[in-house]
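Trainee: Residue numbers (this note's numbering), protein chains in the order written: chain A, 1 to 485; chain B, 1001 to 1225.
Please keep in mind that the hints were generated in silico from the structure rather than gathered at the bench.
Quick caveat: nothing in here was measured; it's all calculated off a predicted structure.
Lysine to any residue pairs mimicking SDA-like chemistry, simulated, CA-CA at most 25 Å apart:
| # | chain 1 | residue 1 | chain 2 | residue 2 |
| --- | --- | --- | --- | --- |
| 1 | A | K310 | A | F108 |
| 2 | A | K471 | B | R1074 |
| 3 | B | K1073 | A | D402 |
| 4 | B | K1069 | A | S404 |
| 5 | B | K1073 | A | R389 |
| 6 | A | K357 | A | G441 |
DEER-style ranges, computed between Cβ atoms:
| # | chain 1 | residue 1 | chain 2 | residue 2 | range |
| --- | --- | --- | --- | --- | --- |
| 7 | A | R18 | B | E1128 | 20 to 28 Å |
| 8 | A | L358 | B | S1072 | 49 to 57 Å |
| 9 | B | S1072 | A | K3 | 16 to 24 Å |
| 10 | B | M1001 | A | R390 | 30 to 38 Å |
| 11 | B | R1074 | A | K3 | 17 to 25 Å |
| 12 | B | M1001 | A | L27 | 56 to 64 Å |
| 13 | A | V437 | B | E1115 | 53 to 61 Å |
| 14 | B | V1217 | A | S20 | 47 to 55 Å |
| 15 | A | S386 | B | D1077 | 25 to 33 Å |
Ideal placement from N, C-alpha and C gives every residue a C-beta, glycine not left out.
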Amino acid sequence: MTKRRMFLRMITASLLRRRSRMLIALLSIGIGATILAGLVTIYVDVPRQMGAQFRSYGANMILQPTEAGALTEESLQDILSVFSPEELVGATPYRYVRLDMTSRQQSFNTAGTDFSQVVKTSPYFSVEGAYPASTREVLVGKEVAETIGVKPGSTMELTYQPSVSISNNPQDDRTPGAQLSGSAEGWSGGIVYVSAVLDDQAKIASIQIDAHSQTPEFGGRATEDEEFAAQFIGKALPLTLGQEVDALSGATVTSTAVVDALNNARKATPAALPHTLNFTVTGILTTGGKEEGFAFISLADMESLTGESKLDVAELSISANAEQLDTYVNEITEKNQGVAAKLAKRVAKSEAAVLSKLQALVFLVTAVVLLLTMICVSTTMMAVVSERRREIGLRKALGASDGSIRAEFLGEGMFLGGLGGIMGALLGFVFAQVVSVNVFGSSITFQPLLLPITVIVSMIIAAVSCLLPIKRAVAIDPALVLKGE
Amino acid sequence: MSLLELKNVSKIYGELKALDNVNIHVDQGEWVAIMGPSGSGKSTMMNIIGCMDKPTKGEVLLDGTDISKLPSKRLTDIRRDKIGLVFQQFHMVNYLTAVENVMVSQYYHSMPDEEEALEALGRVGLRERARHLPSQLSGGEQQRVCVARALINHPELILADEPTGNLDEANENIVLDLFAQLHKEGTTLIVVTHDPEVAEAAQRTIVLEHGRVAREVINENFGKQ
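Okay, chain B solo, but in the shape it has when bound (with noise of 0.2 Å):
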C-alpha cells in the first residue's frame, strides 16, 4: 500500500523546471533514498513531500489525501502530524535543552511529555545528555537529538535531509542504525542524499537528475548486513 504518490508532478520557477513531471511513490514501511547531484531537484521534491512547498502540477498523495493544492494552514496540519524531519544543519533551538528541543514537537503536535521526551533521548544514547545545550552537544549527538525529535511523535514518515552530511564515519553509522531500527518497527524513511553509503542502506535509490527520475535502484543487499 502506497503512503506516498507523486503523479506528474512538476514544480517551475519562471524558466527553470525544478521538477519536471516526476511520478514516484513510496510504499509504507518503505526505506527509499534521494538521490542526485546539486540543482537536480531533491530539495525541491523534500519541501514538497516535507508540506512546505506546493507542486505547480501534478498531484501529491500523501496517505490518499491529495497535499498538492491544501492551503499553507493545512499542510501545516499535515507535516505536524504525520511526517517528523530531519535536517543536515541539525536545527535545534539553541536555548533550549536537549530534551526541551525534543518536547517543543511534543508541543505542537499534542501534549508535552518530559518522560516520554528522556525515553527517545534513551533511545538515541542520549539520555544522560538530556539537560544540555546544543552548543554543549556534538554535531553526532545533535543529529541525534533531531532524530528523537522526529520519532517524538511517531510519524508515518520521516523524511531526512542529508543527515549525516555533517557527520563523521561513527555518527553517520549511529544515525543508520537509528534509522534501521524505525523502518524495523514498520517507519515509512525518506533519506535524501548525496553519498552512496548512505543510500545503499536503504530499500530502494531514486535517482534525480535535471529534475527528472534518471532511474530507481532496488538494494539488492538489503538487510544483508
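In isolation and in its complexed conformation, chain A is listed as follows (with noise of 0.2 Å):
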C-alpha cells in the first residue's frame, strides 16, 4: 500500500467514522458553499433579469430618419439584423398622422403600428378590451375616447385630409376610395375627360366619360354607353386597351384616349383626396401619458388611408447593457445612412445605475456569507482539534512531523471543501432558482462551470479556515499521550 492510499483510507475513515462531528463541518461548508453558488448565480443572471424588467419599462432606442433619409418596414427590418435574435425584445414602427373624424368635428394625433410588436417595447400599455388584431380595429387612447365617446365596440370614421399632394411615385396602384379624374387627347386633338371613383381595394367603382368632343357617330358614344363603361367597373388601375378593356367599336382612338385619363388621372392624383375608413374600436389605451390622446391603427390602414408606407419613427427594446448599446448605435448610423440611432437616455444609464448597485449588493452579501462560513468552519475545525488532541499528542509520538499533521487535516478540511462545494453548487442553484422565481419572476438556467468553481472556492475557503486550528494541532505536545490523561 502506498503512503497516499493509506493517507486517503485515515482522511475517509476519520470522517466516514466520526460523523455527527464532521457533518456539522461540513453542513456549514455545505450551507455556505450554498449561498455563495446561490449569489454567485444571482450576480451573473442579474444583468439579465434586470434587463427583462427594465424591458417592461419601455424601450431603450430610438430610430429615426434624418432630415434627407427616409425609414420604411422594409429598411427597419434590415437594420434590425445586427441584433441577435436573444437581444431583440421588440421593435416597434410607428407613423404619425393626423386625422379628423368628421362626424365629430374632431380631429387627433393617429399612429399607425405593429400592435404584436407594442406589447413588446410597451408592457406597461394598459389596455380596456383588446389590442386591435386585424385591419379596419382601432385602439383609441383615454383622452380621445372621452372626447369623441367611443367604447370598445363601437365604430368611427377616420379621414385623411392631405395638406399637401404626397405621393410622386408612379408605382403606387393603391389609392382606395380615391375619386380620380383625368384627361387624354383623343380623335383630332379633342379632349377626352374621365372621372372615376375608386373603391376600398383601389378598384374603380363607377366612371363618367365626357366624350363630347369627340365625333357623335364615332367616339361621342362613349359618353352614353353604359356597355362601354360597365367593362371599367371592379377593373384596377392602369388599364391597358385590348386586354382589361376591349375599345368602342369604330372609336379606338376615343376609347385608348378614356383609358390613358385614366391612367394620367391615377398618376397625376394618387392620394392627394380626402380619404375616409370606417374603423371598429377594440380597446381603449390608459398609459398615464400622452399616448392617451392618440388614436392605433395598423400600419396598412394608415398606408391605406395616406398612400404612403413611410415610418416617422421606431422604437426599439434592446436587451444589452449601456456599453453595447452604444456599439449598435454608432453601428446603426455608420451603416445606415439617412436613419438616425439614438438611446433612450433615461431608461439606459437608470438601468445601468441600479444594476451596479444591486451587483455590489450582492457582492458584498457574498464577502460577508464567505467570512460567516469562514469562521464557522475554522471553530468546527478548532472544536476537532481541542477533540482529537491526544490523537494528535499519539500521531506525533508515533512519529508524525508537523508536515503530515499539517497534511493530514489539511486534507481533511479540503475533503469537507470539497463535498461541501458539490452540495453546495447543486443546492445553490436550486437557492438562485427560488430567489430567481419569487423575485424576477423568470427561472434561470444551470451555469455549468458554476460546478467547479464553487467546488474550488470551497476547498480554498476550507482550507484557509483550517489554517489556525491546524497551527494549534501542530502545536500540541506529544508527551502529553504519556502523562495517562
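Given two chains presented individually in distinct reference frames, assemble the corresponding complex, making use of the accompanying hints.
Mentor: Here it is in C-alpha cells:
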C-alpha cells in the first residue's frame, strides 16, 4: 500500500467514522457554498433579469429618419438584422398622422403601428378591451375616447385630409377610395375627360366619361354607352386597352383616350384626395402619458389612408448593457445613411446605475457569507482539533512530523470543502432558482462552470479556515500521551 | 555496548528539580525496569528518553547520538526511527481499526504494509481482530495492538510507560510474555512501572526517588521462571 492510499484511508476513516462532528463541518461548508453558489448565480444572472425588468419600462433605443433620409418597414427589418434574436425584445414602427373624425368635428393624432410589437416594447400599456387584431380596427387613447365618446365595440370613421399632394410615386397603384379625374387627347385633337371613384380595394367603383369633343357617331358614343363604361367597373388601374377593356367598336382612338385619361388621373392624383375608412374600436388605452391623446391603427390601414408606407420613428427594446447599446447606436448610424439611432438615455442610464448597485449589494452579501462560513468552519475545526488532542499527540509520538499533521488536517478540510462545494453548487442552483422565480419571476439556467468553481472556492475556503486550527494541532506536545490523561 | 546513556541529566521546572543529576546507562538488548513513586521523575525521564522533551542540563546519548540539544524536528525523526512506544492508556486512534492503527506507525516511519501489520497483530494473537475498531476491543487487546504497533518498525528501543497499569493479571502476563519474546530477539526494553511484579520480569531495575537514582537492583532470578 502506498503512503497516499494510507493517507486517503485515514482521512476517509476519520470523516466516515466520526460522522456527527464532520457533519457539522460539512453542513457549515455546504450552507456557505450553497449561498455562495446561489448568489454568484444571481450575480451573473442579475443583468439578464434586470434587463428583462427594465425592458418592461419601455424602449431604450429610437430610430428616426434623418431630414434627407427615410425609414420604411423594409429598411427597418434591414437595420434590425444587426441584433441577435435574443437581444431584440421588440421593435415597434410608428407613423404619426393627424386624422379627422368629421362626424364629431374632431381631429387627433393617429399612429399607424404594429400591435404585435407594441406589446413587447411598451408592456406598460394598459388596454381596456383588446388590441386590434386586424385591419379596420382601432385602439383609442383614453383622452380621445372621452372626447369623442367611444367604447370598445363602437365604430368610427377616420379621414385623411392631405394638406399637400404627397405621392409622386407612379408605381403606387393602391389609391383606395380616391376620386380621380383626368383627360387625354382623342380623335383629331379633341380632349376626352374621365372621372372615376375607386372603392376600398382601389378598384373602379363608378366612372363618368365626357367624350363630347369626339365625333358623335363614333367616339362621341363613349359618353352614353353603358356597356362600354361597365367594362371598367371592378378593374384596377392602370389599364391597357385590348386586355382588361375592349375598345368601343369604330372608336379605337377615343377608347384609347379614355384609358389614357384614367391612367393619367391615377398618376396625377393618386392619394391627394380626402379619404375615409371605417374602424371598429377594440380597446381603450390607458398609459398615464401622452399616448392617451392618440388613436392607434395598423400600419396597413395607415397606408391605405395616406397612400404612403413611410415610418416616422421606430422604438426598439434591446436587451444589452449601456456599453453594447452605444456600440449598436454607432454601428447603425454608420451603416444606414438616412437613419439616426439614439438611446432613450433615461432608461439605459438608470438601468446601468441600478444594476451596478444591485451587483455591489450581492457582492457584499457574498463576501459576508464567505467570512461567516470561514468563521464557522474554523470554529468547528478548532473544536475538532481540541477533541483530537490526544490522537494528535499520539500521532506525533508515533513519529508524525508537523508536515504530516498539517497534511492530514488540510486533507480532511479540503475533502470536506470539496464535498460541501458539490452540495453547495447543486443546492445553490435551487436557491438561486427560488430567488429568481420569487423576485424576478423568471427561471435561470444552470451554469455548468459553476460546479467546478464552487468546489474549488469551497476547498480554498475550507483550507484557509483550517489554518488556525492546524497551527494549534501542530503545537500539541506529544508528551501529553505519556501523562496518562 | 550501551544503547542509552544519561550523563548528569537534570530537568528543572522553576524551583522543582524533576531530575537531579541522573546518570544511567542501558546496554543494547537489555531489559530495564524503572520504578519509583509518583513524582520521582519517572515520566520526565521517559519523555527525555522518548525524544519528547529535552533535559535542562546533561547529555543523553542514544545509539551514540547526543539527543539532549537536538531541535524537535530531529527528535521526531529519531523517535520515529529508533523508538517504539507503549502507553498506559493504550492510546489508539479511535476511528481506525486495529490493523490501521498499526499501519499508522508504518505510515509515519516508511511505507504502510497491511500484510506486515497483520503479521504483527498475529504475533500478539489478534490477527482475527484486525478489522475491529478500538471500541470493539478489550483493554488487554488494545494494549496488545499497541505492542504490535510499537514493534512494527523494528525499533532498537521499546519504551513502555506503565504498560500493564490498566490490565488484569491474565492480560498483564500476555504483555510480559510478549516483552520476553522481544527481549529474546534482541530488542532493548525500558519499562516504567510501579508494579514490582512487572519490574521483576526485567533484568535490572533502576529505582528513582526525588529525581535521583536511589538504587539499582539486578534481578537474580531473570530468565529462570
